[in-house]
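Asker: One-letter residues, chain by chain:
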Amino acid sequence: MENTIESPVNKKVDEKKPIKKMMLILSKATIDNVYACFILANGARMEGIESEIFFTFFGLEAITKKKLEHLHVATVGNPGMHIPTMLGGLPGMEALATKMMKSEMEKLDIPPVGEFLEILAASGTKLWACKLAMDMFHLDKDKLIDDLDGVLTVGDFYARAQGDGTHLLFI
Amino acid sequence: MENTIESPVNKKVDEKKPIKKMMLILSKATIDNVYACFILANGARMEGIESEIFFTFFGLEAITKKKLEHLHVATVGNPGMHIPTMLGGLPGMEALATKMMKSEMEKLDIPPVGEFLEILAASGTKLWACKLAMDMFHLDKDKLIDDLDGVLTVGDFYARAQGDGTHLLFI
Amino acid sequence: MENTIESPVNKKVDEKKPIKKMMLILSKATIDNVYACFILANGARMEGIESEIFFTFFGLEAITKKKLEHLHVATVGNPGMHIPTMLGGLPGMEALATKMMKSEMEKLDIPPVGEFLEILAASGTKLWACKLAMDMFHLDKDKLIDDLDGVLTVGDFYARAQGDGTHLLFI
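Protein chains in written order, with numbering that gives the first Met the number 0: chain H, 0 to 170; chain U, 0 to 170; chain Y, 0 to 170.
Don't take every hint at face value.
What the hints assert, rightly or not - Have a look at the derived ranges for each label pair, beta carbon to beta carbon:
#: 1; chain 1: H; residue 1: L95; chain 2: Y; residue 2: D148; range: 29 to 37 Å
#: 2; chain 1: H; residue 1: P17; chain 2: U; residue 2: D108; range: 21 to 29 Å
#: 3; chain 1: H; residue 1: A121; chain 2: U; residue 2: D163; range: 32 to 40 Å
Keep in mind that the hints were calculated from the coordinates and are not lab data.
Small disclaimer: the values here were computed from a predicted structure and weren't measured.
Beta carbons: idealized from backbone N, C-alpha and C, even for Gly.
Let's have the full structure, built from the sequences with the hints guiding it.
Answerer: In structure tokens form, the structure reads like this:
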């Protein structure tokens with residue numbers, strides 16, 4: 000934390016309450032968003048912060064057994080990929096970009112999606128599926144990962160997000 | 000809430016403060032993001048939580064009279080749609096995916112955008128347009144829905160987000 | 000603030016605690032998301048709220064010297080652009096949409112990305128690069144803007160987000 004400038008000395012006690020819980024809502028299936036979510040959840044656990052992920056809309060794919068290892072980077076419409084829009088639309092370019100990103104992740108010891116989910120579950124991150132999104136995509140629990148902690152409504156999710164020091168992120 | 004594991008018994012009182020207000024910033028016009036936002040706002044109201052939506056950038060389309068019933072799902076660049084990138088770019092594919100999603104929504108009794116906005120307004124969700132984005136897109140208030148509660152600057156929005164138990168989400 | 004309805008009179012004191020700090024996580028390189036992030040950070044400073052931006056994943060491009068003036072609007076997969084999907088994929092359309100958006104921004108006195116970053120730095124917004132994303136994209140600090148305040152891990156970022164009245168947004 001060499002770059003951390005903030006001095007605790009000048010702060011009042013009530014201002015320095017640590018983060019207690021991260022509640023992450025994952026609504027997208029693009030691999031960059033999925034990894035961002037998992038890294039934020041994992042980083043929280045490493046700091047002793049509780050973390051929970053609520054998989055909703057397309058984010059459900061990240062916990063669907065048959066799909067979770069086949070997520071893609073969005074090449075088209077994603078200027079960050081450095082691929083011209085027309086080229087990005089060519090068959091194979093999306094697969095290539097996805098392969099490249101997965102390869103970089105592997106070099107940094109970031110596990111593939113399925114293994115990452117196991118690590119998150121083992122570290123105490125709660126993994127929840129959104130009931131409404133499951134109904135929308137006609138998914139039942141046996142199609143989802145075994146490590147799932149359960150199915151929640153939006154109301155259940157809000158109830159779990161109670162308490163000081165809880166933060167919600169929509170990814 | 001059969002899946003809710005957390006026990007209130009082991010928690011100190013100050014940790015269980017309920018969520019009081021959800022402040023949602025909607026910056027996108029894709030129908031999946033618009034519905035995610037509306038469902039989070041509506042779910043909050045159903046739990047007795049205040050909710051407000053700040054429509055900014057492309058999110059303004061969701062409250063623009065002439066556009067709100069013509070929002071689309073993004074098929075290209077959205078791996079969640081299960082449509083190959085080239086096919087996703089063909090005319091008609093985006094319309095088809097949008098029609099399919101709207102049909103699923105209807106089966107789950109989720110109303111179309113215009114009707115959903117009326118329900119949100121009636122349930123007490125505050126609906127705000129971003130002043131800067133209105134200027135950017137040359138929109139004036141008469142082009143926006145009648146249920147709009149007003150036009151806010153970013154500073155106004157921050158002022159409304161004051162108080163313990165308030166959470167902000169960027170969608 | 001003519002549209003602000005909430006009356007402070009009916010609120011208890013502890014409910015009206017002002018926002019103290021905005022912690023913005025920028026993970027995308029599309030110009031609309033970058034501007035949304037900068038406008039939220041700048042709006043915070045104008046209200047006396049601390050603000051910090053954590054540039055991660057593709058968001059790193061917004062602080063990469065050689066790229067920050069060449070960010071694009073996503074035309075394909077972005078229904079908000081009013082460009083048919085096929086047309087959006089044509090070479091030149093993305094450049095045109097980007098030029099139009101930049102032109103509108105200029106009319107509203109919103110500075111280009113590089114200049115906006117200087118203003119943010121001068122106004123006290125902390126600008127942080129994500130260590131993991133830098134490793135993933137093989138970026139070192141000399142390729143990033145001079146105004147950068149440093150490089151943080153996710154854990155460092157959480158540590159800086161401590162305290163009552165802090166809000167995190169994922170953009």
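Asker: State for each hint whether it applies.
Answerer: These are the hints, each one checked on the structure:
1. Taken as a hint, the range 29 to 37 Å holds for the pair L95 of chain H and D148 of chain Y, whose Cβ atoms sit roughly 35 Å apart.
2. For the pair P17 of chain H and D108 of chain U, the supplied restraint of 21 to 29 Å is violated, since their beta-carbon distance comes to about 42 Å.
3. Between A121 of chain H and D163 of chain U the Cβ separation comes to about 34 Å, which falls inside the hinted range of 32 to 40 Å.
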